[in-house]
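A.B. asks: Produce the complete structure using the sequences and hints provided.
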Amino acid sequence: MERPRRTCAETCLELLSLQIVHYYAGQNQAPLAASTEAIGFRVGRQLAERCTWDRPRLVDQLDVMKFICKEFWIELFQKQVDNLRTNHRGTFVLKDANFRWLSKLSSDLPAPEKADATEQNAGPVANDSMPSRPAANEAAQDYLHLPCAIIRGALTHLGLPCTVSADASALPACDFTINIRAG
Amino acid sequence: METINSEIFTLMYGSIVRQLITDLEDITEVNKQLDTMGYNIGVRLIDEFLAKSRTAACTDFRDSTEKVAKVGFRMFLNTTANVTNWNPEGTECSLVLEDNPLTDFVELPEGCSKLKYCNVLCGVIRGALEMVNVQVECDFAKDTLRGDELNEIRLKLISEGTEAYPFKDDD
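Each protein sequence line maps, in turn, to chains A and B. Counted from 1, the first sequence has number 90 at position 90 by the UniProt record's numbering; the numbering is strictly sequential. Counted from 1, the second sequence has number 58 at position 58 by the UniProt record's numbering; the numbering is strictly sequential.
All clues stand as given, with none of them false.
DSSO-like cross-link-like pairs, simulated, lysine-lysine; straight-line CA separation at most 30 Å:
no., chain 1, residue 1, chain 2, residue 2
1, B, K114, B, K156
2, B, K70, B, K32
3, A, K95, A, K79
4, B, K52, A, K104
5, B, K156, B, K142
6, A, K79, B, K52
7, B, K52, B, K156
8, B, K67, B, K142
9, B, K32, A, K104
10, A, K66, A, K95
11, B, K67, B, K52
12, B, K32, B, K142
13, A, K104, B, K67
14, A, K104, B, K70
15, A, K104, A, K79
I should point out that these hints are in silico values taken from the structure, not numbers from a laboratory. In this text the structure is predicted, and so the values were computed from the model without any measurement.
C.D. replies: Spelled out as structure tokens, the structure:
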């Protein structure tokens, strides 16, 4: 059964997420990571609930993962995950070759705040001729708390408490590493 | 125009408001912050509006508000507003939103009676209009979440500049 779909412009969500990152990056009261994580975690849980209410329970770990890579990813990022790998011991790597939420992030411009620190720390990296790449990954991290937390929220809601981290050193591609907590 | 399921936007906005309340612990500050965020969004949103709406230049304030209500809200939130309650001078009016996607699934708990939940919209309108030389004050006057029968945003024109070119004719 199709849920009635109400739409709005993607720009709205884009600019809103951008604003929230800039707001928390520019003030000291609450840390950026913790606050944006809390925001994303709630969104992930609620969204997972709304995406799954009319379907049978996802029992298997792999079923949940497939759901995240397909339906959930399409709902959020308008495309599927391109590649899913696992070590069969609770670690999954989701590769999105063109991650939507970072597609407008320039890889030349470091993000505000951490700009100076990253430039200095960005040492030479093997197989990486472009010095801006580690810097780009650092810059992208501020914007990745939100999607990571959304995914973590969704997985937690579907019965898989986990940690999620992201690597965006090869923009516009982005890898999400998920570690399911054994339990 | 790329569109998404508006539930995602609505949930995200709700989660942000909730986080701001937790972090700022002061509803007045939250209202202010939502307005500022809206302003920052508005000054960028206007670019997309001008690029994609294909509307002619606004002739006066009346025309501008109609564009905001009928074209802007339709484009970005997929809803429309009605412009009513003009003052005799034609400098103040109300945008009445019958259907507000931001408030889907929302109920205000006790203790949040002063929260202007949708204040971000005021900031967006103010920021966007400022970029086309129309300075307005914007306030959420009536809010269904706080028990009013409709959502009303009150707009007050401060000044309306004609296009001023920063260069002189050097003959």
